[in-house]
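Number of protein chains: 2
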Amino acid sequence: MSLFEKHQETILRAVKANKERGFYAHYPENPKAYGEEAPAAGLHAFQVSMNTDFSELLQQQPIRFEGEEVSPYLQTGLGIRYPVFADKVVVARSKEAFAEWRKISVQERAGILVESLDRMRNRFFEIAHATQHTTGQSFMMSFQASGPHAADRALEAVAMGFEELTRFPAETIWDKPMGKFNITLRKTWKPVPKGISLVIGCSTFPTWNTVPGMYASLITGNPVIIKPHPKAVLPIAIVVAELQKVLAEHHLNPNICQLAVDSTKFPIAKEFVHHPDVKLIDYTGNSVFGNWLEAQQILGKEVFTEKAGVNPVVIDSTNDLKAMCDNLAFSVSLYAGQMCTAPQNFFVPATGIQTAEGHKTYDEVVEALVSAIKGIAEHPKMGPGVLAALQNDATADRVKAVAASAKKVLLGSNSILNEEFTEARTATPLVMEVDAADKAAYEKELFGPIALIIKTADTKMSVQLAKELTSVHGAISCGVYCTDTALCEQIADEMAEIFVPVSFNLTGPIYLNQHAAFSDFHVTGGNAAGNASFTDPNYVNRRFVWVGQRYPVQ
Amino acid sequence: MSLFEKHQETILRAVKANKERGFYAHYPENPKAYGEEAPAAGLHAFQVSMNTDFSELLQQQPIRFEGEEVSPYLQTGLGIRYPVFADKVVVARSKEAFAEWRKISVQERAGILVESLDRMRNRFFEIAHATQHTTGQSFMMSFQASGPHAADRALEAVAMGFEELTRFPAETIWDKPMGKFNITLRKTWKPVPKGISLVIGCSTFPTWNTVPGMYASLITGNPVIIKPHPKAVLPIAIVVAELQKVLAEHHLNPNICQLAVDSTKFPIAKEFVHHPDVKLIDYTGNSVFGNWLEAQQILGKEVFTEKAGVNPVVIDSTNDLKAMCDNLAFSVSLYAGQMCTAPQNFFVPATGIQTAEGHKTYDEVVEALVSAIKGIAEHPKMGPGVLAALQNDATADRVKAVAASAKKVLLGSNSILNEEFTEARTATPLVMEVDAADKAAYEKELFGPIALIIKTADTKMSVQLAKELTSVHGAISCGVYCTDTALCEQIADEMAEIFVPVSFNLTGPIYLNQHAAFSDFHVTGGNAAGNASFTDPNYVNRRFVWVGQRYPVQ
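Chains as they are written, first to last, in the working numbering: chain C, 1 to 554; chain G, 1001 to 1554.
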């Protein structure tokens, strides 16, 4: 049985899910991945990998091994070193592997890729620990985001690619009546992959943000080079290793997908970008480098970016003030604001808002929100789990610097004790009030646990400012609380015009930070927060070219 | 009955044709368009439009009227003047119309657009004369290319847009089991149009090359500004006027699609390009301006180009030398090489080729090809009809300049008499021999009736050179004559790798110049000849953004 036959049902179900947009999660459970033994086995595997050289990759002859990952929970190095290769060697191997991979049918490619996700699943617990101790995410988020949710997004990319690559017939007989005779041609169409694909990872979501581009490029026939963030390698290294093993088992060149580890001191992303054979670039990270990458498009490279955004929340009215504040407080606190979807700017009218319990003044609303944030931060059980740890010192420093220059701090940022990891780098949210007129204070992304409450004249001004900021600086998410259905529709329409997705009146355990595969197009690709979306048709179609051939039929 | 209901069958059939790629022509005939009266009525309509101000557009308050079209057949001005508007006024009106158009459902938009094609059909004969006397095409080509074939390509863009815009549900209930309860959200997705679309026309195919971008932008909800080539306005002016009338009849702002005529002396394309509200740019024309336009992508504009290419023909072997030469001679001669798909570089091995009648030397092959080209040029009936007229003096001058600097002319270019239009600007093909080593002589597009025969060592070298040139300079078409099936496959694969479509062994009345709607992706978009294709999914998907909204369900 071919791998396609083995996984056909999964692939076709995922294609259907893509079309119907109604699935919440797709990747089927299995006992090995989720069984009783799995948690302990995963922890053990992670622990034994520490202070060793990562030897699972099938890439030959590294020039040396190096690694610089530091656990945000332990604040000590993981001691894992990865094989390092010269960028020219990596590109040359990729080119060689390309010749093989582009000839493989889409069915075979899909089978191999889904098989690799199957193998990845067996290591979800190990990947979770690896993610926790590189990104600073809580264990729960590490498991979900780097495990099943990442696999979902990878599968979604495979499914979208599969659908697009098979949407036109491979060939047809074209028959044109000319009066007394017909012209008959056999026409064929091939989706031709563009070339070497470079996927540049980030330090906070090393698999979730990497696998969509990786699998989208692979399903469309392109070889992939993954350049992880040097501080968050292990989670994606495991994924690449599993894929390489599947490739090798099927007598394919494992260099079809390579890991290219660099260091903070000697970054190599630009070397790859400059290489003429590198045609596709996926990137998650800061806007400065992202904008530079986008400019490479004039050299004929396709660039897919997810950059910084300034995510707004507009508070107009609510049926449940407490539920609203609890929900928003959680969104602000989750992984200490280190999600690209975390809200930053909260627009509250100076005149207060209508609630089910009657009118609440501005101060009452702010007080309720601050109190809810404080409640999570100070909750001895909930706080450490929700806030998790800061990935790096730069974020900790940013919080301090912003606090120092703040005009009005409503809630100071503190470290909290994580009893499991007493050395964890933690910070509770800093909440500040800024005036609507002081745009410089809130127009930029302040990555980390920082929330700004912006006092506006009214909701009209709130929406106006949210639009103004996001149309210039972009946004990946936007929350609106409003009980007036007509006004909601109007705001949805106005934000859609600048390509910002809105979540309305979220309460309970669903948050505007969460973007799900098979239903949410993560990042619209239409505003300054990024030029691409997980996983719309463009996300795969830009990776290959339809080329037709024509042959006469006798 | 809504226009969607009226045209539903046509739209859905076109969607199906797009998927199946097996239709040769789509737009249904009707008696009014093709009836006995139609030819005379069309000629009359064209004749009365000469020396008048074009008054059919519904755009108000022009600042003046001007026009500079010159018939390549009469070599006198047509005397038609078009309303001229300030670019800022055009953009402001487009923005105003956008607010209306983006709210119209895709069904209504599709209905209106197909209705406009229905009206255009009634004027095919008039458009044919307008095309002939602006582009220099023969009447037959003018009719086909600017009439039914253009309408086909427009309909294809509408169909592809319709399919993409309706491929995801407008909304769904997303239900996630959480154990003891479910999270239930209503999720909606809207395809949001990107903004004002600028379509820059060319002088040789004023409707065929304009309507795909125009209709692709319109179906996806974007307002359109058409900036025609100042020397070829009338054909597209008629199309725009018909669309504006349909819009007005349905109480919609006719400025949803505007014609913005400029002059050779005061070009305004760049003014539009620089305007921040212009988000989409379609362009057919020279590579210098096309490359500049593509660079505007770093400002967040989507740019769709069709530029110059160097189209190769590789001659390896043939079953029918005469049929091959007749076919190629026709391709070279058709509209005097002024098609973007016309072949230019003919690679012939110095060792000769195998044919059904045995081995033919290089000289015999060249002689046969030159003789076939000469045969068409000197044929008193066929010559003028096939060669038609040169659109402008620059092309005539180019032929002379290239001939003057040629090392070895195999067939000189001459004017020929067109008995119907004795003043026609005509030129027969210039055929030259160049050595394979003299790349400078053949690496650029020599637009017009110019064919180069390049003597190579063997087919391997021919393919190598064809690849080398097209990978740098691009190609829109490529012809290969080869009786070895395995070698054909290999060449197809090698050319596909650089995104060049190949037509094999064409003989009889089908030519590599011809690209048909619903089956040929015209320009692959993968090489230097252009970054977009008529009409693959990217062609419409890059014109809008999917934006999702989420609402809790109680």
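No wet-lab data here; the hints were simulated from the structure. Do not rely on the hints blindly, as some may be mistaken.
As the list claims (entries may be wrong) - Selected chain G positions facing chain C (Cβ under 10 angstroms, derived; list incomplete):
{"no.": "1", "residue": "A1092"}
{"no.": "2", "residue": "E1096"}
{"no.": "3", "residue": "K1176"}
{"no.": "4", "residue": "I1183"}
To be verified - For each label pair, taking beta carbons as the anchor points, the in silico distance ranges come out as:
{"no.": "5", "chain 1": "C", "residue 1": "R119", "chain 2": "G", "residue 2": "D1438", "range": "54 to 62 angstroms"}
{"no.": "6", "chain 1": "G", "residue 1": "A1486", "chain 2": "C", "residue 2": "L12", "range": "46 to 54 angstroms"}
{"no.": "7", "chain 1": "G", "residue 1": "K1103", "chain 2": "C", "residue 2": "E378", "range": "43 to 51 angstroms"}
Just so it is clear, CB atoms sit at the ideal spot from N, CA and C, and this is done for glycine as well.
* Outcome for the supplied range 54 to 62 angstroms, where the beta carbon pair is R119 of chain C and D1438 of chain G -> Given range 54 to 62 angstroms: holds, Cβ gap about 56 angstroms.
* To do: Hold the hint about I1183 of chain G up to the distance rule: shortest CB distance to chain C must be less than 10 angstroms.
  => holds, 5 angstroms
* Cβ-Cβ distance between K1103 of chain G and E378 of chain C: within 43 to 51 angstroms? -> Holds: the Cβ-Cβ distance is about 48 angstroms, inside 43 to 51 angstroms.
* **Distance restraint evaluation - A1486 of chain G, L12 of chain C, Cβ atoms, bounds 46 to 54 angstroms** => Check failed, 35 angstroms falls outside 46 to 54 angstroms.
* Would the stated hint for E1096 of chain G survive a check requiring a Cβ distance to chain C of less than 10 angstroms? -> Given a least distance of 14 angstroms, the restraint on E1096 of chain G is violated.
* **Status of the hint placing K1176 of chain G at chain C (closest C-beta pair under 10 angstroms)** => Where the cut-off is 10 angstroms and the nearest Cβ of chain C is about 4 angstroms from K1176 of chain G, the hint holds.
* Is the interface hint for A1092 of chain G satisfied, with its Cβ closer than 10 angstroms to some Cβ of chain C? -> violated, 17 angstroms
When each numbered hint is compared with the structure, violations occur for hints 1, 2 and 6.
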